[in-house]
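**Q** These are the residues of each chain, in order.
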Amino acid sequence: MGRPFRLRDPVHGFIQLHADEVKLIDTPIFQRLRRIRQLAMASLVYPGAVHTRFDHSLGVCHVAGMLAEELGLDSDEVRLVRLAALLHDLGHGPFSHVSEPLLERHADRSRLPAEQKKEKIHELITAHFIRTDPALAMRAGPARGEEIAHLLLAEFGQPALKNIVSGPLDADKQDYLLRDSRFCGVAYGLFDIHQLHRSLVLYGAEDHQQLMIRPDGVHATEQYVLAKYYLTTMVYRHRVRLITDQMIVRALTLGIEVDQIEQLRCLYFFDGSDEFFENYKQWDDERLLLACTSAELAHTACAQLMGRLLDRRLLKRVFLARIGREEDSALREVLGNLPKPEHSARRSEIETEAARLLAKVTRQQVDKRFVIVHVFDIKSVRTTSRNDEAGILVATAPQPRPFEQESTLFASINEEYDDQFVEMYAPVEWETHTARDRLLETLRRPMEELIRAACTGVKGETL
Amino acid sequence: MDTYDFVHLALLAMGSDIKGKTKLQKTVYFLGVLTGMIDELGYRPHFYGPYSDDVAGGIGRLRALRFVDQNVTGMGTVDQSGFEVYRYDYRLNDDGRKVAQQKAKRHREAWERIQQAAQMLKHGGDLDYMKLSVAAKAFFMLGEKKGRASIEDLTLLAKRFGWSVTNDQIKEAAGYLERLGLVENV
Chain U
1 MGRPFRLRDP VHGFIQLHAD EVKLIDTPIF QRLRRIRQLA MASLVYPGAV HTRFDHSLGV
61 CHVAGMLAEE LGLDSDEVRL VRLAALLHDL GHGPFSHVSE PLLERHADRS RLPAEQKKEK
121 IHELITAHFI RTDPALAMRA GPARGEEIAH LLLAEFGQPA LKNIVSGPLD ADKQDYLLRD
181 SRFCGVAYGL FDIHQLHRSL VLYGAEDHQQ LMIRPDGVHA TEQYVLAKYY LTTMVYRHRV
241 RLITDQMIVR ALTLGIEVDQ IEQLRCLYFF DGSDEFFENY KQWDDERLLL ACTSAELAHT
301 ACAQLMGRLL DRRLLKRVFL ARIGREEDSA LREVLGNLPK PEHSARRSEI ETEAARLLAK
361 VTRQQVDKRF VIVHVFDIKS VRTTSRNDEA GILVATAPQP RPFEQESTLF ASINEEYDDQ
421 FVEMYAPVEW ETHTARDRLL ETLRRPMEEL IRAACTGVKG ETL
Chain S
1 MDTYDFVHLA LLAMGSDIKG KTKLQKTVYF LGVLTGMIDE LGYRPHFYGP YSDDVAGGIG
61 RLRALRFVDQ NVTGMGTVDQ SGFEVYRYDY RLNDDGRKVA QQKAKRHREA WERIQQAAQM
121 LKHGGDLDYM KLSVAAKAFF MLGEKKGRAS IEDLTLLAKR FGWSVTNDQI KEAAGYLERL
181 GLVENV
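Those sequence lines, one after another, are chains U and S.
Heads up: the first sequence runs through residues 1 to 463, numbered per our numbering.
Heads up: the second sequence runs through residues 1 to 186, numbered per our numbering.
One or more of the hints may lead you astray.
What the hints assert, rightly or not - Away from chain S, derived, C-beta distances all over 12 angstroms, residues of chain U: (1) 6; (2) 19; (3) 105; (4) 110; (5) 195; (6) 233; (7) 236; (8) 263; (9) 269; (10) 271; (11) 274; (12) 314; (13) 363; (14) 441.
Claimed, not checked - Subject to a maximum C-alpha distance of 30 angstroms in a straight line, what follows is the list of computed DSSO-like cross-link-like pairs (lysine-lysine): (15) S:98 / U:379; (16) S:98 / U:340; (17) U:23 / U:281; (18) U:379 / S:19; (19) S:103 / U:117; (20) S:103 / U:340.
To be verified - Coverage of chain S stretches by chain U, computed from C-beta distances (three or more under 8 angstroms per stretch; other residues unrestricted): (21) 36-47; (22) 61-67; (23) 93-99.
Keep in mind the hints are simulated off the structure, nothing from the lab.
Even glycine gets a Cβ: it sits at the ideal position worked out from N, Cα and C.
Bound conformation, chain S alone (with noise of 0.2 angstroms):
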């Protein structure tokens, strides 16, 4: 299975809207890394935290073939956050759902691994895209430092991929991580 593909069952199984375009990053991201799958999906570090460009071609691509509907919102001019002024959501359509459904039969195993990530996920809690992407680097970084890290040490680390995140944030972040079962306090 590839990243479109992968995506397009992403978004079946999340079953509504995803907002904004970081939320959907993010969501995938962690879908990958509840399946197992993370490393066929091209995540690298980016500011806005663990980012693939295949992802968003994937989503490109529905869009070119109609399987998704694209809503763009105006959030104002000022953000306080000075984060995703417009926010785009992404929602598969009656096409997209019907073909992702057939695509879901062909991939039975792929498929009810997605599911059962997607209820984790539900399970976790609905965060909003910002403590979402937090979440998601304090995953990433805790790869990068073999699984084991403080949130002292997590803190640090962040800055080596140009990451402002606080001490409270990771501390909220490994709380949602735990929750998904992604990690442990010891």
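Isolated chain U (complex conformation) (with noise of 0.2 angstroms):
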């Protein structure tokens, strides 16, 4: 191994790259990711947020060594959970996490060997560069390139190495949080992750471990479950970043399905094919952007709808209400389900609805293409304490406890809070604050009429 290489990280301080790892991050394929924004385009509502999933892949790196190291793995372990750290996100797409739900409503999946069906699109592609991308396998050589690509995708193998790089104590969340808070320029996302480490352990038997809190580690884990929350809440739902993720993602649909555009079909239209995988490693943001808002496009919704994004002339909230105060449980049912494909005429109902009124009540030009009726759905700190993968446990004996029942601060908070939202987005523009409050008000009641007619069929009073 040649001599560590050190660079200036604004959020880790100096990070200690191995030089394996500067072969692997020196590949076209991972130099890409400078190019792809952590966020997307929260910069619109937070400009320092032009940090990239680049900068990230160096802090999980940092951050899962660390951790590995505390832990007491060996170095030949700490070696293979900073190489799968360190490349996790090399699948991601322009605009990251936003390409996600066009690349998974297009994927062909008929091809794909029966354990990948039910992969995410990103992943299996991360996996696939990782094991076949030519100077990455010349540097890493193929064995340890099947190695990593089987840590990050298969249920198998040593859990505690596997918590480390994929988990809701993992190092992938763990930089987020802070790096995210950094360059937003909030508070909200700090936690000590030195404490937090210190309060980690592995439990269970020998090469059976796996990652949980020290019984006394609990409050550190606290305000590291507290930051995801607040941060999920101040800044990943946003109210302009969602406006902003939904225009994206209605720019690239109107582009595909309405505008034809070949080059946005071979981007999203995964079959897993080499012409694929070799003309996705080409795409990001920039060039998405540009290829969008190119002049001989210039008359396509797509074109019209990223300009606005360029120009940020953004769509406007025009309509917010809870799903789980509507009285009418079969429409309860419809709206909490309209992002299914099977209630994709309804939405478009809606749209068409609510572009017509809203021209009406605005006397402004209202495109129905670019309204966008959105669901989302919020739920308790406690339900988010246990992120996507099926909770923290504290090590206690005899047997370990899930998290938000040994934190006395989670333990006593209701969980019976969760709840769903419709929103609608469109591009009208108002003087003045007196102005919208207006507006949203005389809106209010028609668009739940709308909604409602849409989604049953009949006129109803309120939503």
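Mind assembling these two chains? They're in different frames, but the hints should get you there.
**A** Shown next as structure tokens:
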């Protein structure tokens, strides 16, 4: 192994990289991550949020190594975990997570082996690049590549190593909370990472150990879980951020389905072929923005909506309602499931009718293709603490117990809260906040009625 | 049919309260296995056995839409097993049942399969969440072993998933799986 390489990271200070890691970083496939922003267009809300998957990947590598050493893993395990952490985001498409719904929607999974049919497409892409990218393979070696891909994708393997790269306490979350906070200029996602690491322990029989919290480490974990909750509430689910994400998805959907832009079809129609992967790795945020707003596509809906993002002429939220408050159970059922493909005609009808209403009320031209109905849910902080991967465990005797029961803070939080919201975004303008409030109040009732009519076929009173 | 709809119909088919998150997860797991729809439900190995975030999300949405009532029962501060001190019970309310019945009509074929599976599960015996959890672990591992394994094999394999189960527990689980018609003693 050659001399370690040190670089300054705005979040963790000096990060030390090993020579074999630097070799992987200096490959075109990894350098592409410099051109994919971590939070898509969140910089339209938080101007500092221009950090990339590249910075984040280096940070995750550093955090994973730090944690693996703290847990006493042997040097080969530490190296493997660091490499997996370094490469974990290799398959991200332009605008990071915003690309995912498009990849999922248009993927042809028929050519995939049975065990991969349920995997997320961007994770399959990551594993494919790790296994087959010539520059990576040459520098990491095929055996190492397979080990890394296996650790990132497969359900088998040493749980302890897997838990560090993927799970409710993984290095990925630890880095992105701190990094996103730093670059957004907010303090919501801060927690004491060193204390958290001291609070973690490997529990279980040799070779089958799992990452858990020490019984006396619950408070450090509370801070980490709250950091995730606050950052989710204040940044990831910021009103304008939801709008920009929805605008990107709509622009690309229009580009594929209405404008029939061949480049977008090639980018998002995953079929597992070599041609797909070769093309995919050429794309990043900048190239996608330029492609979508090029002069020859200026007439397309995709270009017009992307142009709005470039100029920060954002759609406005013109309607918001809590679905759980609706009395009619059938309407609640339809609204709560509106994002499903089977309701696409209903969504389209709502958007068309809303555009008509908005044009009438505001006397502005409202393109119905740019009216977006969006449903999202909000969970209690207790539910959020379990994350997506089934929860954090505390290494209590005789058996581990869920964190949210061991923490006096979380145990006392009511889990009843679980809610869904429906919002509508549209290309309208207002001069002042007073004018906005007046308009939203005028729209509330007729919006409720048109949503009810589209969902149930019956005109109703309230939503 | 997606996981949300499956969970909704599973609650309708089971009829009464499902007592505890673990029991809910494992009940839906076995309904998935018995209907042949398990691959659609997103189960993965977890410390407490096969767990699906999609199923947890489905319950969350049913609660958000006020179709499921959740009752939290304090079980005392110390549980000898160190497992689930609070219990979360789930029950479809009137609105939830009404919407589920409409859904059952729309998905007639799937509903019939879920109903049959629920009957088999009820006939298999009312296992507590711990035993149901071991049974789910055992069946999940049999899948990994391509359907044929000894009790000792499964106890050993459990360690690979970080699961701590004894031969006796696996033996009891095997009896349950046999009653469900999912395994046979050879």
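**Q** Decide, hint by hint, whether the structure agrees.
**A** Hint check results:
1. 6: Residue 6 (chain U) clear of chain S: closest Cβ-Cβ about 36 angstroms, beyond 12 angstroms.
2. 19: holds, 34 angstroms
3. 105: holds, 14 angstroms
4. 110: holds, 15 angstroms
5. 195: The assertion about residue 195 (chain U) holds, with a minimum of 24 angstroms to chain S.
6. 233: Non-interface label on residue 233 (chain U) holds, nearest chain S Cβ at 16 angstroms vs cutoff 12 angstroms.
7. 236: holds, 17 angstroms
8. 263: holds, 31 angstroms
9. 269: With a cut-off of 12 angstroms, residue 269 (chain U) remains clear of chain S, as the shortest Cβ separation is near 22 angstroms.
10. 271: At roughly 21 angstroms from the nearest Cβ of chain S, residue 271 (chain U) sits farther out than 12 angstroms, so the non-interface label holds.
11. 274: holds, 27 angstroms
12. 314: Label holds. Min Cβ-Cβ 28 angstroms, cutoff 12 angstroms.
13. 363: holds, 37 angstroms
14. 441: holds, 26 angstroms
15. S:98 / U:379: holds, 25 angstroms
16. S:98 / U:340: Judged against 30 angstroms, a Cα distance of about 21 angstroms means the pair holds.
17. U:23 / U:281: Holds. Residue 23 (chain U) to residue 281 (chain U) sits at ~18 angstroms (cutoff 30 angstroms).
18. U:379 / S:19: holds, 21 angstroms
19. S:103 / U:117: Roughly 27 angstroms between the alpha carbons, so the hint for residue 103 (chain S) and residue 117 (chain U) holds.
20. S:103 / U:340: Status holds; Cα separation ~15 angstroms.
21. 36-47: holds (count 6)
22. 61-67: Check passed, 6 qualifying residues.
23. 93-99: As far as the region 93-99 of chain S goes, the hint holds, because 4 residues have Cβ atoms under 8 angstroms from chain U.
When held up to the earlier numbered hints, the structure conflicts with none and fits them all.
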